[in-house]
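Residue numbers (the numbering used here), protein chains in the order written: chain A, 51 to 203; chain B, 18 to 345; chain C, 33 to 434.
Treat the hints as calculated values from the structure; they're not laboratory data. Yeah, the Cβ is synthetic: ideal placement off N, Cα and C, and Gly gets one too. Hints may contain errors.
Claimed, not checked - Far from chain C, some chain A residues (derived; all Cβ distances over 12 Å):
hint: 1; residue: D54
hint: 2; residue: V70
hint: 3; residue: S137
hint: 4; residue: S170
As the list claims (entries may be wrong) - Just the calculated beta-carbon pair ranges, DEER-fashion:
hint: 5; chain 1: A; residue 1: R128; chain 2: C; residue 2: I246; range: 37 to 47 Å
hint: 6; chain 1: C; residue 1: G346; chain 2: A; residue 2: S64; range: 44 to 54 Å
hint: 7; chain 1: B; residue 1: D312; chain 2: C; residue 2: D388; range: 27 to 37 Å
hint: 8; chain 1: C; residue 1: T318; chain 2: B; residue 2: F274; range: 31 to 41 Å
hint: 9; chain 1: C; residue 1: G365; chain 2: B; residue 2: P85; range: 55 to 65 Å
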Amino acid sequence: MQPDVTAITSALRSAGLTSVEVEQTSLGVIVRAQNAELLQLLSALRDSSSEFTFMVDLFGVDTGELVEITYHLRSLSRDEDVYVRTSVEYDDGFPSVWEIYPAALMPEREVAEMFGLKLSGHPNPKRLLTTDGLEPMLLKRVEIRSAEEVRSR
Amino acid sequence: MNPILVACLRVLAGLGLMLLNGVVLIYMLRKVLGHLHVRLGPMNVGWHGTVQTVADVLKLLTKEDPTPRAVDKALYFLAPAVVFIPSLAAYAALPFSKTWAMADLATGLLFTFGIMSLVPLGILMAGWSSANKWSLLGGMRAVGQQIAYEVPLLLSALPVVLMVGSLNLNDIVAAQDKLWFFIPQFPALLLFVVASLVELNQTPFDMSEAESELVAGFSSEYASMKFGLLFLSEFSNLFIMAGLTVTLFFGGWSLPFIPAQIQAGFAPIVFVAKTYLVIFFFMWIRGTFPRVRVDQLQQLGWKVLLPANLAWLLVTGVAVKLVEAVAR
Amino acid sequence: MTQDPNLTAPVGAAVSEGAYVPAQLPVGLRRVPSGVDEVTTEHLVVNFGPQHPSTHGVLRMIIEADGEEVVGAEMSIGYLHRGIEKLAEHRRYNALGTLMDRGDYTSGIHGELAAAMVTEKLLEIEVPEKAHWIRSLMGEVNRIASHLVWYGTFGLDAGAMGQFLYAVRDREDLLDILEAVSGSRMMFNYVRPGGVLADLPAGIDQKLRAFVDIFDVHIEEHDQLLGGNEIFQSRVHGVGVIDKQTAIGFGLTGANLRASGVGFDVRRDRPYAAYEKLDFTVPMATEGDCWARYAVRMEEMRQSVRMIRQCLDGMPEGDFTAKVPKVLRPPAGEAYAAVESPRGEWGVHLVSDGSDTPYRLRYRPPALYALQVVEAIMPGSLIADAIVTAGSVDLVLGEIDR
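Work out the full structure, taking the sequences as your base and the hints as a guide.
Set out below in structure tokens:
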């Protein structure tokens, strides 16, 4: 269930990722990554001896200051889960990881749509769930004060 | 009596028969499918829903008849008629008894097949002119399959013709007074039923209106009585094909072990009863089977049915010649 | 179908064989130039849905067809989007189940269970033994009901009609049982944080036993009616093949993953509720085609029947729920809980800020991942095969759109 923190750290260090932080939380092992090195990190995890070849889920959380995107990865051969977390400023972009995990294709579009982020490197970066013409950003934490504000948003 | 008047009366009788058949067959289809599917079918209008179809026909007649803007008007309006008229004309040669037939044609079998092969033309017209992608695909499929299966259908009826030596349907019935042909010609019967299921667009070969793939195929854009005509001709084709099956393989209007004089009185009833039994069999298949795929259908037609038909035709031909030689 | 010993997934963790490397763009319509073979031909772009007889719910498949062959496919979803994840931010913890019911509406018990489990994880509630057993029991009852819907509609996609109504006949009995237990036929809201809403009603034991006894016969009937049909077999064998790498790469779970030769089952590998104490096998197939998915799901129903019997026999005495406060305020933190729903791993990822409503609730929809893989493997097949493939992976649009 829970991978070894030191093993993951050393695997990532040997892949040339010296600045990533690996921490043990109540949720599980979380690898914190910069947006720029995300692709390198994910492919290192996928090709490491732990074989995190399976992406369980991908979702965003609005912390109030920025959007945290979490990649939930699983190694089917070892039965271990690891979370990779990266932060994106509002209205900023994040890279698509579909070439490493094709499973991310639709969830990425959903995250970009729901938090109003830009998605780069995606083959079909259209909106997923809502119609064009509106700007819903449903999951962004915006204080809703009046009905007019909702309509004009 | 004036021969023109007689001819007109016969055509009217055929039309009435066809309409009545449609109403009865739609009710029968609903009830048979219903009971096959552990449900009841129509139950509310009339006793056990018997008047339901009449109500539906009234609904179809009084419904608004919208015409989509993009359709090819001439073909769109002509198509239901082109589908409907052959299936009406095909009643002409069906022998309900020795004397009861609209026309006693020397080439009755050929006439029926010939006139029935006009139906795909109307279906293609309907599919093409509807300006709808589903209709187009349905029309194309219908033409592809019906032209491909004309050959096996004709070839599977030929062994019977070989045995009788006549294309007249009454002669074929008369030749079966001792032995119904489904016993010596059982392989031909199987081939004929499969090919006629394809010709009829019946499950498992209902490619042209495959509802899970093509919505309603060629009839997607039709409403009101134009749809009613398409629908009606489908049931009338069902009756004709079942009638042909009965005529070719199950002794037509005749019954075994009963003197001909007694039979003559209720021969049409016997014919219709037998036909409805065959229709019931077709509906049974419809309620049970999934649909085959387009390419599988063509493979079945060209690679299985056609060689099998030719082989059986050869066997029958040799057998007929041998029997003749022995008899001489 | 007889039980094939090779059809059982190995116990322990599954083995993966390298990663999936996308060969080409797997999504969107690929524009192929017109005029192939010097004949002026044009590809037809057709919309399957959102109003179409064979799309499950309101899925819209945009298919680019060259005659009968699919050359490009794109899935357009969102026609049933209700913003469940956002709504959950304004619900108290014991009301999350109502939202989960409306996600995957054919297997509500599993969603409620996932939401309850994640809340219990955050609050560290000890769930009584009996509640665990009731959860497993109702989960399996719901699994059969859900698989029957899939079985019926899969046949409809292949063009058969009868099996759907036979499946609905059996499902009716199951919905009666679920109604007797929870008070509702589909929107149960029965599994709550701490246990379940109410104890099993009197007489449900006989009802369930009567059902499983008759279902033992009916499941073989179902299998014969559809799976025993020659035409159906020719429609599903070798159609819609998802190989192991593709299945892993696209994040398939549940029966779809097991049909592709990866034996991972949340119930066995990460046991929850009472599954640790139940004896069941995890069916598996290696072909990855529609027939494999059919066979795996049919066998899952048989295993569910076995588990229902075991649950009824082994149902312990005791409380059906732990003592939980009326208003739940989990401490700030994050948790993830997953259940094996009929469609795969249904995970709920919860972020709490210490208040009485979740800060963020993420709901992992297994059918969304199944939908993506259908989009990727569809090009190259016939339209009829595309429909069957989409039917075989068991899509529920309520879950995909949320």
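Worksheet entry | Hint numbers contradicted by this structure | 7, 8
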